[in-house]
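Could you build all of it, start to finish, from the sequences and the hints given here?
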Amino acid sequence: MINDKNSQKIVDIIQNWARQHSIWVLAYGTGCGAIELPPTMTSRYDAERLGVRGAATPRQADVLLITGYLTTKTLKRVIRVYEQMQDPKYVVGFGSCTINGGMYYDSYNTIKVLDKYLPVDVYINGCMPRPEAVLSGFAKLQERIAEGRAEGAKKYKENLEWYRANQKKIIPNWVMPDYNW
Amino acid sequence: MSFFDLKGTLKPLTALKQFGKEPHTITYPKVSKEAADRYRGFHYNDLDECIGCGNCSTICQNAAIDMIHLEGIEGGKGDSGLRPRVDHGRCCWCALCVEVCPTGSLSLTKDYLYVSEDPDSFLWTPGKDNPGGKEKISFFSTEETSLNVFQRVPMTEIEGTERIKSFAEVVLGYSEDEARAEASRCISCGLCTEVCPDHMHIPEYINAIANGNDADAVRIIYDNNPLPEMCGKVCTRRCEDVCAIATRGEAIAIRWLKRYATETAKTADIIHEIVNPEIKEANGKTVGIIGAGPSGLTAAYYLALRGYGVTIYEASAKAGGATMYGIPKYRLPLESLQKQVDYIQSIGVKIHFNTKVGKDITFKEIYDHYDAVFMGVGFPDAWSLGVDGENAKGSMQAYRYLYMINSGEKVDVGDKVIVVGGGNVAIDAARVSRRMNAEVTILYRRRVEDMPADWEEIEGAEAEGVHIIPQAIPIKVIEDEKGNVKAVEYLMAEMVPDERGGRPKPVAIEGSNTIIEATAVMAAIGQMGDYSFMSEFEDKIKINRGRFVTNDKQQTTDPKVFAGGDAVNSTADAISAIADGFRACKAIDEMLSKK
Amino acid sequence: MREKETTLYIGPQHPGITGNMMVRLKVTGDTIVKATTEVGYLHRAFEKLQEQRNWLQCFTLMCRFCVPEPDPAEESYARAVELLEGREVPERAKYIRVLVLELARLGAYMLWYGGQNGSLGLYTVGQWSVGDRNYILDLFEELTGGRVYHMYIWPGGVRRDLPKGFEEKVLRTMDYLENRLKDYDDLMFDNTIFQKRTQGIGIVSKEKAIEWGVVGPVLRGCGIKSDIRIDDPYEVYDRLDFEVPTQEGGDIWARALVRRQEVRQSIRIIRQVIEQMPSGEYYNRIPNPQKWALPKGDAYARTESVRGEVGMYIASDGGTKPRRTHFRGAAYVHGVTLLEKVLVGANISDVSPIMNSLGVCPPEIER
Amino acid sequence: MKELKEQLINRIKAHFPDITVENNFNYNRFDVSINKESIHSILFYLKDVMGFKHLSDTNCVDWLEEGEFEIVFIVWSPAEKIKIFVRTRIDRNNPVLETLDMIWPQLHTYEREFREMFGIQFTGLEAPDEFILEDWQGPPPYRRDFDTAAFAAETFFERPGREDAEDVREAITKLTGEEIPEFAKKYSR
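Chains as they are written, first to last, in our numbering: chain A, 25 to 205; chain B, 967 to 1561; chain C, 14 to 380; chain D, 43 to 231.
Source of the hints: derived by calculation from the structure; they are not laboratory data. Using N, Cα and C, we set each Cβ at its ideal position, and we do this for glycine too. Certain hints may be false.
What the hints assert, rightly or not - Calculated Cβ distances over 12 Å to all of chain D for the following chain C residues:
(1) 19
(2) 46
(3) 50
(4) 107
(5) 175
(6) 178
(7) 209
(8) 238
(9) 255
(10) 287
(11) 290
(12) 305
(13) 338
(14) 359
Unchecked claim - List of simulated lysine to aspartate or glutamate pairs, DMTMM-like, C-alpha gap at most 20 Å:
(15) B:1094 to D:208
(16) C:47 to D:171
(17) C:209 to C:43
(18) B:973 to C:199
Unchecked claim - Every beta carbon over 10 Å from chain A, so not counted as near; a handful from chain B, in silico:
(19) 993
(20) 1015
(21) 1083
(22) 1094
(23) 1096
(24) 1133
(25) 1215
(26) 1295
(27) 1317
(28) 1330
(29) 1366
(30) 1404
(31) 1414
(32) 1431
(33) 1472
(34) 1494
This is how it looks when you write it as structure tokens:
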């Protein structure tokens, strides 16, 4: 392994450069925001130009898109999906609902503040965000990856207990395996 | 189906014909498609136009809009001083806030791009955080699209030609359906309560009317106004000037709604039943009140509710003061006022009629006898014109004229009446004279739009055939050989802008003398006080420019004496007097309960 | 040899599923023995939220029921309120509403083209049709101010009048789409793969369709001519000339053919609407929304969407907020009762094509 | 259409004399109210004899103040082009109804939802308890007495930063010193 600090830095730069151009998005439409993903991915906006494309399973994916509101039932699956994902991994919050509850701020079944449960790297404004906004979200994520600042996953590991406490507060029946990344 | 289908295998290959065609891909971020002309993007708020009514925050089903204080924006007349802030973590860009914005200051723009890693950066104050949004406004509301109802439910009135035949009330009042419809236009912002001198609970009682609960409306109204039916008929209604709806439409008919609610209580007994006032046990303290005008009655009513023994001394035969004697009966019928006075008496207020302080009883007696004194003495005297021939027979004070007519006396004014002045008294005198079958002309120094009188009154006068000559300055009353008024000579005036930025001044044009025939001339250019009854207290109770000097609790320079109404404030309307009375009541209560 | 029964979960995270839901399968080999739908991943409690909001505020939630085609829900709600209140809608608004509904239908079918083909691994048509759908969304953006959430049809009419020159733009887009449809046909209906993967798969028989309460294109794919636009006409559909296509067979293929025809009928309707569009008012103003109370009673209005009957039930207690609202989505029947029955006997690989072809939209089921 | 509705009503009445009919709608609808014991037979009758084959929708309305749940079946006849609202009321404190899923299989789904959301027990309904919710521990959420906003505020986080918001009416009263009486506050915005 490379121990030298400078060499590590160079490796990081190369790694980040490579990572920013291959953003594979997990095909999981957690909420209504998923409807703007097909236009983003298909011919009109063609996100693949930026290296963004779909991935079928969590193990292959780099980015977890939280497309809007998360019901408590979905949250459980999303946590599981997120923990199955391999490093590097990023979370993009999509629209109002992920920031402060959005339209469903008084619903008994949706979470309101996503970053209490999962580390979010980029938020995209809108309800719903247009494909341009989605693309600019990915661009922002790329920028952050290139700068080495997209460290949500690291934050998650470091603060796992805090996240777990929040998660368990609304998921009473916690029957999930612990994933070993 | 055969195993090998040639057509079905080859047909898909026609996709190849797309090869080489120009793609319709928008290569964002290199190329960006502009949003549509009607796009619902971020908010923009014109901070100067916004009045902080908060209707946007009320309609927002996502509780996304907060009303906050912004630096540099002060509240004031018709502005709450608050401005909306949008939480983009809640907003769904439905633009309902835009649709209900009464001023049209809030709109949506073509901007929609915002990406951030900081979830706390999604609170935006439109207009402050995006001053450039003004150029990109795309979704806005016009009078046509707005969800505010800008048209007032019209009030039924008697025809102009019909109403000069009698003193019957001109305005007929809303029917129940009309009142509900009118009340439901209100957006309950409460900006009106700020300018109401009495700070009546306007949104609350309008809402009660809209909900079909008239009794609650009456109760809310009586909370700080014991003469609401009078106000409902003749109030100067400054509230309607600042109504949020009035920025682009017709103000809510706040006055007519109050009138509607209070008229549902047809007698004093019914008022008592509905309001069901909680009268505190007598506390043994007494308050003497001089003048049964609006301020005196108000102070008396609320003091009596608080357990004080209240006695009013009134020089005339009836209570009501200027509202009884100064306002013609076609605006405020006697029965209506009587009902309200009866109600006030029914809770234990004693009124000594025909008792003029200074003549029938001395001020000192009252001062010594009571724990506190309230003076609502009003302005019983009027300014004279100060022109030649003013003492001719048939030349009189409009205020005296109204007093006599309202007292039931007969006054002969002939068939050609000239009224000088542009205030409500002038219009009242003119319209009363029309009912006496006289032809009436109003001479006013300035333009019609400068007239201090209520615009509805001016319109009413015109509909009844009153002739208004604006920019006319009377210089002489011409007498005939018997000493009767024969004509009035006046000069035309031109409006000269005031150099100091005040309103334009009328300046007489030399040689524009005009003579107009007349059988009576009435001066309605202002009234003044008469404080001779308390001459021995001149040192203790200070008077400045014809008015009592009071603090903000209506207390005069003598701590035991309070004053209100025309003798204190210069607004010269009943609601200010009521407010004075209410304030004085609270101050007296505070003072006496401490002792 | 008897094969062992295995439990298999498809969803909620699965690229072939039509939304955030799950189908639990019992399979022997790759044949499905039992299928159970599990939903609730998208439950936002709309009906509860609407009880907390006033009659106008509720309208903003409507388009969120089913995002691929939001307008029928808006339409149903608007019409239910109008029925309950007795509010008249201006003629022009009725035509604009039909225009919007048909555009939405086209948009949803374009998305269906993508989904149905994508579920079979044929991605080209999806690339085209979803790309072309943007032209319809552009029209929506111009008309309503939003690409996906239009919030345009509201009680009393529509929110804004047609912008200048909109009619021509619609016609131009229709011409373009009509040309494109031929390309889709070449790659889809003439494609052996598509034929073999859809014919005889996911069969719903005529008798069972009626018994199970199947609606929309699925019912028409069983040879039953049933369309709310004809049976229980709303707005101005009774004045428009269009056909209700039916197909015998009841399999994915038949339903695809029905939808293929309906796209063409929609274009036909849109052209007629543009031609007949009257002038005049577009909106019968509601009173101040804060104080807008509806009379006591209830109403149910239904609209034909791409999935079939969607309806809105509202009950009022005379107040400014609903006592209860209920959205009846076509997928409520298709996604649970029907899907569970149709999947039995099918192959695992057919789950996704069948779900796409039945029009299972999970947010409609759990709301 | 009026005669047709009358005719249909008479036919139903002949079989179910104790129904209440409401027929003042100027479109193709009329309402039939019936006690809960007869709900099976009338739905069977409407479906199998009178041709109201299609169940458009089923609803449950919580009339909390009256202590009752109202269940509304909206049935549609493709032949007659008429929809009937069939209503029945059940006691809110003891909400039990026999399952109806033998009439229309989709009622199975509705019943599962009503059981979960309103707490209505359907005897004979064979289905897992959970349908939409998962691990739900509160009261049936669609009941009127369940306060979703309070529950959400208690259970979930809210993003801070908005505490400086003011109520317009309150801001004005602070400015003027107006005192709104307690009983009037319910009329404030």
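Hint-by-hint comparison with the structure:
1. Look at residue 19 of chain C: its CB is around 20 Å from the nearest CB on chain D, clear of 12 Å, so calling it non-interface holds up.
2. The Cβ of residue 46 of chain C lies farther than 12 Å from every Cβ of chain D, with a closest approach of about 18 Å, so its non-interface assignment holds.
3. Residue 50 of chain C, annotated as away from the interface, has a beta carbon of chain D within 12 Å; the closest lies near 9 Å.
4. The beta carbon of residue 107 of chain C is kept farther than 12 Å from every beta carbon of chain D, the shortest such distance being approximately 15 Å.
5. Non-interface status of residue 175 of chain C relative to chain D is upheld: no Cβ of that chain comes within 12 Å, the nearest being about 28 Å off.
6. Every CB of chain D is more than 12 Å from the CB of residue 178 of chain C (nearest about 37 Å), matching its label as outside the interface.
7. The non-interface label for residue 209 of chain C is consistent with chain D: the shortest C-beta to C-beta separation is roughly 31 Å, beyond 12 Å.
8. Not every CB of chain D is more than 12 Å from the CB of residue 238 of chain C (nearest about 10 Å), against its label as outside the interface.
9. At the 12 Å boundary, the C-beta of residue 255 of chain C stays outside the reach of chain D, the nearest C-beta of that chain being 18 Å off.
10. No beta-carbon of chain D is positioned within 12 Å of the beta-carbon of residue 287 of chain C; the least distance is around 28 Å.
11. Interface exclusion of residue 290 of chain C from chain D stands, the closest Cβ pair being 25 Å apart, more than 12 Å.
12. Every CB of chain D lies more than 12 Å from the CB of residue 305 of chain C, the least distance being 14 Å, so the non-interface label holds.
13. Listed as outside the interface, residue 338 of chain C is inconsistent with that label: its C-beta sits roughly 9 Å from the nearest C-beta of chain D, within the 12 Å cut-off.
14. At roughly 19 Å from the closest C-beta of chain D, the C-beta of residue 359 of chain C stays outside 12 Å, upholding its exclusion from the interface.
15. With a C-alpha separation of about 18 Å, the suggested pairing of residue 1094 of chain B with residue 208 of chain D holds against the 20 Å cut-off.
16. For the given pair, residue 47 of chain C sits about 19 Å from residue 171 of chain D by alpha-carbon distance, which is consistent with the 20 Å threshold.
17. Taken as a hint, the residue 209 of chain C and residue 43 of chain C pair is honoured in the structure, with Cα atoms around 18 Å apart against an allowance of 20 Å.
18. Our distance criterion of 20 Å between C-alpha atoms is met by residue 973 of chain B and residue 199 of chain C, whose separation comes to about 10 Å.
19. With a least beta-carbon separation of about 7 Å from chain A, residue 993 of chain B fails to lie farther than 10 Å from that chain, contradicting its non-interface assignment.
20. Chain A leaves residue 1015 of chain B outside its interface by the beta-carbon criterion, the shortest separation being 25 Å against a cut-off of 10 Å.
21. Separation of residue 1083 of chain B from chain A is inadequate, the least Cβ-Cβ distance of about 6 Å not exceeding the 10 Å criterion.
22. Every C-beta of chain A lies more than 10 Å from that of residue 1094 of chain B, the closest at about 18 Å, which supports listing it as non-interface.
23. Every Cβ of chain A is farther than 10 Å from the Cβ of residue 1096 of chain B; the closest lies at roughly 13 Å, confirming the non-interface assignment.
24. Listed as outside the interface, residue 1133 of chain B is consistent with that label: its C-beta sits roughly 58 Å from the nearest C-beta of chain A, beyond the 10 Å cut-off.
25. The Cβ of residue 1215 of chain B sits about 30 Å from the closest Cβ of chain A, beyond the 10 Å cut-off, so the non-interface label holds.
26. Look at residue 1295 of chain B: its CB is around 56 Å from the nearest CB on chain A, clear of 10 Å, so calling it non-interface holds up.
27. Every Cβ of chain A is farther than 10 Å from the Cβ of residue 1317 of chain B; the closest lies at roughly 56 Å, confirming the non-interface assignment.
28. Here residue 1330 of chain B stays apart from chain A, with its beta-carbon at least about 67 Å from theirs, past the 10 Å limit.
29. Every Cβ of chain A is farther than 10 Å from the Cβ of residue 1366 of chain B; the closest lies at roughly 65 Å, confirming the non-interface assignment.
30. For residue 1404 of chain B, the non-interface assignment is confirmed: its Cβ lies about 67 Å from the closest Cβ of chain A, beyond the 10 Å cut-off.
31. Distance check for residue 1414 of chain B against chain A: the nearest CB is about 53 Å away, which clears 10 Å, and the non-interface claim stands.
32. The claim that residue 1431 of chain B is not at the interface with chain A holds, since no C-beta of that chain comes within 10 Å of its own (minimum 60 Å).
33. No beta-carbon of chain A comes within 10 Å of the beta-carbon of residue 1472 of chain B; the shortest separation is about 59 Å.
34. With a closest Cβ-Cβ approach of about 61 Å to chain A, residue 1494 of chain B is found to remain outside the 10 Å limit, as its non-interface label requires.
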